[in-house]
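**Q** Sequences listed follow chains A and B, in order. Under our numbering, residues 3 to 437 are what the first sequence spells out, in order. Under our numbering, residues 5 to 147 are what the second sequence spells out, in order.
Simulated from the structure, these hints should not be mistaken for laboratory data. As the structure is a computational prediction, the values presented were derived from the model and not from experiment. Ideal placement from N, C-alpha and C gives every residue a C-beta, glycine not left out.
Here are the simulated distance ranges between beta carbons:
1. B/Gly19 - A/Ala280: 49 to 55 Å
2. A/Gly394 - B/Asp82: 32 to 38 Å
3. A/Ser224 - B/Gly19: 37 to 43 Å
4. A/Gln422 - B/Lys134: 50 to 56 Å
5. A/Gly394 - B/Glu142: 33 to 39 Å
6. A/Asp176 - B/Ser18: 50 to 56 Å
7. A/Ile364 - B/Ser113: 51 to 57 Å
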Amino acid sequence: MTTYFNEEFETLPRTALEALQLMRLKSAVERVYNNVPFYRTAYDSAGIRPDTITSLEDLQRLPFTTKQNMRDSYPYGLFAVPMEEIVRIHASSGTTGKPTVVGYTRKDISNWADLMARSLVTASVHKGDIIHNAYGYGLFTGGLGAHYGAEQLGASVIPISGGNTKRQIMIMEDFSSTVLTCTPSYSLFLAEEAKAGGVDFRNLKLRVGIFGAEPWSESMRSEIEAKLNLTALDIYGLSEIMGPGVAQECFEGKCGLHIWEDHFIPEIINPETGERVAEGEKGELVITTITKQGIPLIRYRTRDITSITYEPCVCGRTHARIARMSGRSDDMMIIRGVNVFPSQIESILVRIEGVEPHYLLIVDRKENLDTLEVQVEVDEQIFSDEIKVLQGLSKRIEKEIKDMLGVTCTVKLVEPKTIQRSEGKAQRVIDKRAL
Amino acid sequence: MMVEQISIFIENKSGRLAEVSKILGDAGVNIRALSLADTSDFGILRLIVNDRDKAMAALKGKGFTVNKTVVVAVEVPDQPGGLASILQVLDSETINVEYMYAFVERCGSNAVIIFRFDETEKAIAVLAAKGFNMLEGERLYGI
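Okay, chain B solo, but in the shape it has when bound (with noise of 0.2 Å):
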């Protein structure tokens, strides 16, 4: 039910961003999905992507920072409301989204969701229960 995401910091400053992309690139690293949330100083970049460990050791070795974390891909009907749904459960039950972000590509009729909770197995317990489908991570990491 869980998904490994990469983050790396990435500075505030013109081409980082196609750096990364770049080193990604000559690794044959696929990306599937991201984010980026952004300060006025620094932004973070999270990526869901074919290869974690081809991924890491290839930032790593051009100094980057970079970590792993668990989130969660949740399908969600790709209709109007479709995401309301999903976010009224977890409010109802008090599970936090630290961030969200959509995936690139659907599965079937529906749109895919990653999310980061503050509680991860509470959250996908919840959701499990209201019948929500979560992905797998080799499933998502090939799509």
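Here chain A stands alone, though its shape is the one from the complex (with noise of 0.2 Å):
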């Protein structure tokens, strides 16, 4: 028999939910009109009043929010609220320059506590469960949202954050873990070094995974649940809207992720035209918070491929569900957990070598982690007649990379002309990832 964490809410006829949707859009619309000058100047300039927003349709007169608005905001231009009001400041993960800085007044807090709790019950998580959470805690809203989540519920939550994992595999055995919050790879990782120690997790607690914060597949879903001997469900979120918790999985229909509409309304668009697509279609996933109070955003573009359905579930929750996010619509990479844009690493090799070199990223998943070579063409400026001078090359393009985006990879130096030119934009990043 299902269970909610929430159970009016989660369960509110379609009518009641989308009625209670457009009391909340109205007032949202209405705040960051009055305490946002970009919104302001945004309608303003669209010809759009807060009062002309009569019906959930309307919503689609409104211009987007993407990322690039919120680095020109850096870093509080789109905070609705004074400071004195916002108590928690998060940034997008692993981005180097502007990252995008969120705010949350306490009220936000708790709102996320709830949301999060809400997603550990649809994932079948109890008072009594144990959650190992080995989402990073930090700037990144992962590991955070997740703790605050857990102790919402009452559920007892180790923060154990990430690395460190024979420790995390000792904990998880001593301490009895019957819940596991990681990103989907790290969770293969902690099964290969279990399995290397000589630990098996068939004698484990451990129950269900919840795991997110990276594309993964069907494919990685069963190898996951082979490996740990456990349920492994998807979660969904993103700072900017508010960090885990945004949507999440039921462990009773394992199908699609339950948005939860009573705080964000999702709209799924072409990103070519901005249209809005037809349910069941793929597209990039659009969110208007609307109950946000520290950075409300209308219309924001995840840049996340996904379709929605509004069909019910065998649940008995009444929110819309997403599709397992199957790509991106621009160039950003998630590699293990992190936000990896291609320009981000033009501007390094710029910076070491003082040239535009041709570069070519090709992420990779070895042994269940992410890998990222780079490579370069090694043209006269860069050449030398000494090995020792070439490979002194790659280790500071490598260690760059790692001081500023935080991830791992390889310099691969190659010759001259062999990475493919196209006609128009440059194809900078194969994904060999098999998701």
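Could you use the hints to bring the two separately framed chains together as a complex?
**A** Given below as structure tokens:
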């Protein structure tokens, strides 16, 4: 039998849910118009007054908000409340230069904890469960987001964070953890290390794993379930919108992630035209936050590619389900949970060489961990007749990328003109991960 | 006292060395000495040729990355301990050998070793003072 964290809202009939959304949307638009110059300017120039939003359909008249808008407003330009009301600040993971910064009011934090607790229950987690939380703690929203949700639920949370894998396995064994929260690739890495250390997951108490922060596949789910002896479920979130717990796959249905529509209005658009696509069709996920106070975002383009269905779910929850993310509509890569744009690597190469080198990024997954190979063409500017000079160059690029982006890579020097040139936009990334 | 060497960047994949030698052959360039230094990903082919300009033009024309470096060609007695004698001198003067390779042909009763030093000028002075004979580029290219 399905249990809920907040039954009334999770099973709200569609008409009531939409009425609630409209009420909250109007209030959100009103607030951003009055408190955030960015929105006021945008709506004024589009000739939109907040009071002309009278139906959910009207949402489509509002302009999109993008990651670039957030960068341009760095750090606090899009905040809708004074700083004394902000109790927590997070930022997007891994990015160099200007990260996207988000601020939470006390109410935002409590809503987030509620939604994360709701997500945990949706994944069949209850009071009495022992949650091994291996998402990173810090500016990244994963660790603290899952942590507060677990406490809100009243489960026992182990704030282990990432890294130190051998110790993680010992703790999972000794503390009788029943729930694992981490990135899907890290779960497989844990499994490999456990096996190498002679630990059999069948002897552990782990029952369910909640995995997110990077793209994964149905075949990876089968592999994780077989190797870790648990039920693997998908969670979705992004710091701009909130953090983990924006959408969660249910234990009963295991087919798409319920997006919590009483707080977020999802739309799926064609990334080229900006027009909405039909239910079930693939497109870019756009989210409007309707309860956030610190940094409400109206029609935020997530760049994540998915589809949506409003079909009833076996679990009884009435909230729409989005499909597992199948890619990005921009060139961002997610490598071991870290967001990486090719332009960031390009700027590192330019700084080292003083020239704009031709390069290619090859992303793969080996032994369950993402790998990044950076191929750099060797031209006369960087060529030397000494091996150690060229190897020093490779090492330096590897170190700079690690320092700036937090991603480990290997640099491969290649002959000029061996990286394919294209007529239009240069192909900078080859993603070989079979997802 | 100095010799010009050309170096070519070659990716570690089959056929590349053959490609380079064919380009040089087609251009009528004769290779006098060579060494190949390699890592798992790439190699550096270093050559002494009879016509550097022609060799560089031909290789660049085919998209290879090529550069010119100054090396020193030293005559070493072709007998046991011959190489050791010169290396001892360099060591005692703390001159670092970046790399070295042997010349294809002998010069009279001597072998010829090509050296790349960290301090070329100093190395030449030291070797000359110790009585080692170094070959002029022009002589070498035509051997």
